[in-house]
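*Asks:* Sequence:
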Amino acid sequence: MVRSATADNIKRIIREKGYLQRSVAERAGYNPKTFNNMLNGRKVITDNDVKNIAIALDVEPNRLFGIVA
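Note that this note's numbering gives residue 139 to position 2 of the sequence shown, counting from 1, and the numbers run on in steps of one.
Rather than coming from a laboratory, the hints here were simulated on the basis of the structure.
In this text, a Cβ means the ideal position worked out from N, Cα and C, and glycines have one as well.
Hints may contain errors.
[Said to hold, decoys possible] Heads up, simulated SDA-like pairs for lysine to any residue below, C-alpha to C-alpha not over 20 Å straight-line:
1) K170 x N199
2) K170 x I204
3) K180 x A191
4) K188 x N174
5) K170 x R149
6) K154 x N199
7) K154 x V139
8) K170 x T183
9) K180 x A165
10) K148 x R164
11) K148 x R200
12) K170 x G203
13) K180 x V205
14) K180 x Y167
15) K180 x N168
16) K180 x G166
17) K154 x K180
18) K180 x P169
19) K154 x N189
20) K180 x E153
21) K154 x R179
22) K154 x A144
23) K154 x I204
24) K170 x R200
[As the list claims (entries may be wrong)] DEER-style ranges, computed between Cβ atoms:
25) V205 x K170: 17 to 25 Å
26) R140 x T171: 28 to 36 Å
27) V205 x N168: 28 to 36 Å
28) P198 x R152: 25 to 33 Å
29) E163 x T183: 17 to 25 Å
30) R149 x P169: 23 to 31 Å
31) E197 x S141: 25 to 33 Å
32) Y156 x V205: 14 to 22 Å
33) Q158 x K188: 12 to 20 Å
34) I192 x G155: 16 to 24 Å
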């Protein structure tokens with residue numbers, strides 16, 4: 138299992154917004170188990186995943202990388 142700064146940022150944003158991981162997964166178009174695997178290093182988060190997750194969280198994609206403008 139590989140630690141991912143992007144996954145850590147996604148988890149932090151989910152907590153900050155008070156969302157449930159399951160609801161974010163569904164809004165992003167993922168099975169909750171697949172989404173959990175992304176956040177816990179068992180599945181690589183791709184560029185396309187970043188776009189989908191950013192839309193589901195209503196944030197700019199750069200926020201998922203920890204870049205705040």
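*Asks:* Provide an ascending list of the numbers of those earlier hints which the structure does not satisfy.
*Replies:* 1, 2, 7, 12, 13, 17, 20, 21, 24, 25, 26, 28, 30, 31
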